[in-house]
Amino acid sequence: QIERDLKWMKIKEMTAVARKYYEEKHSKEKEENPTAELHLDAKDSFFLIGGSYEKSSIADMDMYCTSQNVIKSLKPMNCPRSYASVVELNGGIYVFGGENDSGLLDSGMTV
Numbered sequence: 001q002i003e004r005d006l007k008w009m010k011i012k013e014m015t016a017v018a019r020k021y022y023e024e025k026h027s028k029e030k031e032e033n034p035t036a037e038l039h040l041d042a043k044d045s046f047f048l049i050g051g052s053y054e055k056s057s058i059a060d061m062d063m064y065c066t067s068q069n070v071i072k073s074l075k076p077m078n079c080p081r082s083y084a085s086v087v088e089l090n091g092g093i094y095v096f097g098g099e100n101d102s103g104l105l106d107s108g109m110t111v
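So for the sequence shown, this note's numbering puts the first residue at 1; every next one is plus one.
One or more of the hints may lead you astray.
As the list claims (entries may be wrong) - Think about it this way: if two alpha-carbon atoms lie no more than 30 Å apart in a straight line, the pair counts; the simulated DSS-like pairs of lysine-lysine are:
#, residue 1, residue 2
1, Lys-75, Lys-55
2, Lys-43, Lys-75
3, Lys-72, Lys-43
4, Lys-72, Lys-55
Just so you know, these hints were derived from the structure itself, not from any lab.
Given the sequences, and given the hints that come with them, work out the whole structure.
Here it is, written out as structure tokens:
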């Protein structure tokens, strides 16, 4: 359990660092070119979905683009989850089970 918590905390820290880097870089790009849009390719990315932070489950979802070294925050899940199973199928992302601050979850959702 402790090892899993440490792993999730490390991922959350990496997400925060990547988000700060992205925000600084993207704000400079917007100043130089206010109409610039960031185009991320899901095929060149991985997703950070849910997890826990300071003993509470979180609903955050982020997409990290490896080729551009940027992270984009996505719409949060409607239910915070940690230790959930996630699968991609036909372009959709499905999240199943896991737990939140109330206990084990037996539901799933499409994101």
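Hints and how they fare:
1. Lys-75 - Lys-55: The given pair, whose Cα atoms are some 22 Å apart, holds under the 30 Å limit.
2. Lys-43 - Lys-75: Distance of about 19 Å is within 30 Å: holds.
3. Lys-72 - Lys-43: holds (14 Å)
4. Lys-72 - Lys-55: holds (24 Å)
Of the numbered hints stated above, none is contradicted by the structure.
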